[in-house]
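J.: Residue strings, one per chain:
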Amino acid sequence: MHEIRWAHSSVLKKISLIPSLVFGLAITLGSSPNHAAEPNAVLNLYSARHYQTDEALYANFTKSTGIKINRIEADDNALLERLNSEGAKSPADVILLVDAARLWRAQVNGMFRPIQSKVLDQRIPANLRAKADADGTTWFGFSTRARIMVYNKDRIKPDDVNTYEKLADPINKGKVCTRSGSHPYMLSLVGALIERDGTAATEKWAKGMVANMARAPKGGDTDQIRAVASGECAVALTNSYYLARLMRSTKPEDIAALAKLGHIWPNQNAGGVHINISGGGVAKNAPNPQAAVKFLEYLASDAAQIYLADGNNEWPVVAGVKLDNPALKALGPYQVEKVSVAAIGRNQVAAQRILDQAGFR
Amino acid sequence: MRISSIFLALTLNLPILGLILAALLGQPSPIGSDGMVSGSTLTHLWNYVLTDYIVTTLLLCFGVGIGVFILGVGNAWLIANYQFPGKAIFEWALILPLAVPAYVMAYLFVDFLQHAGPVQTMLRENLGLTMSLPDPRSLGGAMWTFTMCLYPYVYLVARTSFLDRSARFMEVAETLGYTSVEAFIKLVLPMARPAIFTGIALALMEVLADFGAVSYFGLQTFATGIFKAWLSFGDRSAAVHLSLMLLSFVLMVFYWERHNRARQRYAPTNTNTRPAIPKRLVGSHALYAFLFCALTLIFAFILPMAVLFDLVSEQGLEMDSRYWAWLKNSLSLSAFTAILAVLCALFLAYAARLTQSKTLQGVNRLLTVGYALPGAVLGVGILSLLGLLDIAWLMSISVGVLVYAYLIRFLSAGLQSIETGLTRITPAMDGTAALLGAKPLEMIWRIHLPLLKRSVLTALLFVFVDVMKELPATLLLRPFNLDTLAVATYQLAADERLTELALPALSIVLVGLLPVILLSRAIAQKR
Chain A
1 MHEIRWAHSS
11 VLKKISLIPS
21 LVFGLAITLG
31 SSPNHAAEPN
41 AVLNLYSARH
51 YQTDEALYAN
61 FTKSTGIKIN
71 RIEADDNALL
81 ERLNSEGAKS
91 PADVILLVDA
101 ARLWRAQVNG
111 MFRPIQSKVL
121 DQRIPANLRA
131 KADADGTTWF
141 GFSTRARIMV
151 YNKDRIKPDD
161 VNTYEKLADP
171 INKGKVCTRS
181 GSHPYMLSLV
191 GALIERDGTA
201 ATEKWAKGMV
211 ANMARAPKGG
221 DTDQIRAVAS
231 GECAVALTNS
241 YYLARLMRST
251 KPEDIAALAK
261 LGHIWPNQNA
271 GGVHINISGG
281 GVAKNAPNPQ
291 AAVKFLEYLA
301 SDAAQIYLAD
311 GNNEWPVVAG
321 VKLDNPALKA
331 LGPYQVEKVS
341 VAAIGRNQVA
351 AQRILDQAGF
361 R
Chain B
1001 MRISSIFLAL
1011 TLNLPILGLI
1021 LAALLGQPSP
1031 IGSDGMVSGS
1041 TLTHLWNYVL
1051 TDYIVTTLLL
1061 CFGVGIGVFI
1071 LGVGNAWLIA
1081 NYQFPGKAIF
1091 EWALILPLAV
1101 PAYVMAYLFV
1111 DFLQHAGPVQ
1121 TMLRENLGLT
1131 MSLPDPRSLG
1141 GAMWTFTMCL
1151 YPYVYLVART
1161 SFLDRSARFM
1171 EVAETLGYTS
1181 VEAFIKLVLP
1191 MARPAIFTGI
1201 ALALMEVLAD
1211 FGAVSYFGLQ
1221 TFATGIFKAW
1231 LSFGDRSAAV
1241 HLSLMLLSFV
1251 LMVFYWERHN
1261 RARQRYAPTN
1271 TNTRPAIPKR
1281 LVGSHALYAF
1291 LFCALTLIFA
1301 FILPMAVLFD
1311 LVSEQGLEMD
1321 SRYWAWLKNS
1331 LSLSAFTAIL
1341 AVLCALFLAY
1351 AARLTQSKTL
1361 QGVNRLLTVG
1371 YALPGAVLGV
1381 GILSLLGLLD
1391 IAWLMSISVG
1401 VLVYAYLIRF
1411 LSAGLQSIET
1421 GLTRITPAMD
1431 GTAALLGAKP
1441 LEMIWRIHLP
1451 LLKRSVLTAL
1461 LFVFVDVMKE
1471 LPATLLLRPF
1481 NLDTLAVATY
1491 QLAADERLTE
1501 LALPALSIVL
1511 VGLLPVILLS
1521 RAIAQKR
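Chains as they are written, first to last, in the numbering used here: chain A, 1 to 361; chain B, 1001 to 1527.
Please keep in mind that the hints were generated in silico from the structure rather than gathered at the bench.
For clarity, every value in this text was computed on a predicted model and none was experimentally measured.
Misleading hints may appear alongside valid ones.
[Said to hold, decoys possible] Derived lysine-lysine pairs resembling DSBU-like cross-links, with alpha carbons at most 35 Å apart:
| no. | chain 1 | residue 1 | chain 2 | residue 2 |
| --- | --- | --- | --- | --- |
| 1 | A | Lys251 | B | Lys1087 |
| 2 | A | Lys260 | A | Lys131 |
| 3 | A | Lys294 | A | Lys89 |
| 4 | A | Lys260 | A | Lys173 |
| 5 | A | Lys68 | B | Lys1328 |
| 6 | A | Lys166 | A | Lys284 |
| 7 | A | Lys322 | A | Lys131 |
| 8 | B | Lys1279 | A | Lys63 |
| 9 | B | Lys1328 | A | Lys284 |
| 10 | A | Lys329 | A | Lys68 |
| 11 | A | Lys207 | A | Lys284 |
| 12 | B | Lys1328 | A | Lys294 |
| 13 | B | Lys1328 | A | Lys89 |
| 14 | A | Lys89 | A | Lys157 |
Required output: the full structure, derived from the provided sequences and hints.
T.: Structure (structure tokens):
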């Protein structure tokens, strides 16, 4: 046995080279040439937008500018962690996020490079972008979505659920459905409520919500809408674009579901509906900063705004963009809350704490 | 040899080191005016939610453990010992669910059975059903789904173990006057215990590492706690602490299992065992056996596939260029990683075998940790590590980082298969070959390779299918423009487009089926 072991060793010395070869190979393989390309001929995009309809939006930019877009799509926090680890050598040029609190957190963590753009300053309303300082503005909102209610016409009177606060009222016991209290859309809503009603009232609200639930929070917003239509829940919170998508669906089961549903713009005479923002800015260490600014300005163009409105049923931020989306038109004008993005961002941890304490899963 | 082996294994354990360092050095990212420091995130979680999460996690593991035991051992027992109608098909078809990722099974199960889904709607509208049926989005639903996806792990190992041993033992048992059930419980089951335990452990590690399917069921497990700390509280350090807790739990279970196994070593099977002659079942017994296997197959594979095909036909086959890119990326990543993993596994297994070093064996054991590491936790570990080394930018332009993550996660699956194969090649065989004048390379080429062929193939297939299904690490670490079928499925689910995700989901299953069928054929031939 001993001899055999000895005899093996020369062969195995050769085999031992395998691991080092393997790693060298793995690192070099698949290195994309784009990194070394001419500056501003490509754009490296880190996007948390998870909407299939954005393909056309990006393709159109490449077509009109010749700038190729390299894309990584992931959850907001995964992207922010990644940027964090990459540090000064990060290839990211533009960061797009889909939640106000996340935008705020990215700004506070210094992920954005402030920019000065007349086009963006002019086209994007001041309340939908970061506060500018001497260096410029860090991020801009490009579309908005509202957190609205859908209800089952057979099971509830709309007047009983026309504010967020009323959802937690004992008259709605056993009727309310929402997605998980850990989801950013819920956290931002609760963050806004903390700002509007105060911490104590929001704690009470969270407990009332938990007492009123028809089922433990689960599923996405579309699931809530379907559960309301099927009668499992009487009323549910959802982002507006999920309802609009359903309104534009041609599938028979969607049309049947829609017939049972009504929707409510909450708090129309009591502080306005909560809206959330999808937006972004130039990454702090962007290797292609000019392409990045060009891309952001493109997102504020009429064409891109129409893509956002038509594709994902979001509201454009640029005033006077002509909408050609029947669902958005039907959802109609509404009164919006006056809560700053910074407040929603700051309140996020408090919101999670309140929901956990109330047992809002 | 020894040094490079230790080096390779350590390289693959670096991210865990990264995690520990991050836990020690980590400072929470700055949050708002009332942002909490790490200690208070953990205290908050402990006070309000963590107990719940731990209880749910343990219940889920318990339920899935029992489920995979019943289906895995039950089917393996029937297949290994009896002859009944349909057996020839069941024997290989029972492993087909391996190709279905748990998150896809979860989407299908919930969509099909929920209150607003087709079954309950039909019952309400056509039969006037008023009472509400159990919600599929529940602990029970999750147990069911995981059991259906994961029982093949137990089935595969239990079947091999029964085939190797039961023939002789059943005959001995018969002469002792045991009924076949008694013999099974008193003799066969205890002897197969290490194998069955390994199968169950594999299944439960998948459960612990899962986040996608669990969250789809609206369950809150320990993984939820990790994500809550990380995502809602923005506290990476607290998340890392929790990850390390999960990891030490898994290590404890492992240690316990090894310890148990060490005390329970049975004499190795002789090479000249007679093949078992399966007993022919007739009448009602044959029917029960048939039903047991058939129902397993229907619920774990045929029904989910039918629902998936139905969704695809509803959506129509739209295979645009994006689809082909997903397919190409998935295939090439899986194949490349599988080959690499098997090369590494061969090297590590040979190093341990030839040096007979306890250290190297221990080092190889250490690699199993990767399998139990939740993909997202592994991702954070790698990010921390790359961040410390200041080379994280590599991950955007090279697929190397992602492949590295896959190796950490799945090398152990390949390694186990190859180690098992190597144990079948006894030192006496090496000695005989040497006596007959075979040179080392010649021996490897002419004796080891043919004997190892099946193990190598199995290892390749396992890694291939696992990479194909892997999601969290892929999401976190992939380079630019490299969307895979799994990523596409996930993105479509995140966008709440269930019908659109049917095609990529179906593709994962179909591509995963190819190697699984190869594996099944190998199994069938072995008889």
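J.: Run every hint past the structure and note whether it holds.
T.: Checked hints:
1. Lys251(A) with Lys1087(B): violated, 42 Å
2. Lys260(A) with Lys131(A): violated, 43 Å
3. Lys294(A) with Lys89(A): holds, 21 Å
4. Lys260(A) with Lys173(A): holds, 20 Å
5. Lys68(A) with Lys1328(B): Judged against 35 Å, a Cα distance of about 21 Å means the pair holds.
6. Lys166(A) with Lys284(A): violated, 43 Å
7. Lys322(A) with Lys131(A): holds, 27 Å
8. Lys1279(B) with Lys63(A): With a Cα-Cα distance of about 70 Å, the restraint between Lys1279(B) and Lys63(A) is violated, given a limit of 35 Å.
9. Lys1328(B) with Lys284(A): Holds, because 33 Å separates the two Cα atoms, which is no more than 35 Å.
10. Lys329(A) with Lys68(A): holds, 34 Å
11. Lys207(A) with Lys284(A): Roughly 41 Å separates the two Cα atoms, so the pair is violated.
12. Lys1328(B) with Lys294(A): The given pair, whose Cα atoms are some 32 Å apart, holds under the 35 Å limit.
13. Lys1328(B) with Lys89(A): Holds - the C-alpha atoms of Lys89(A) and Lys1328(B) are around 29 Å apart, at most 35 Å.
14. Lys89(A) with Lys157(A): violated, 56 Å
Consistency with the previously given hints fails for numbers 1, 2, 6, 8, 11 and 14, ordered from lowest to highest.
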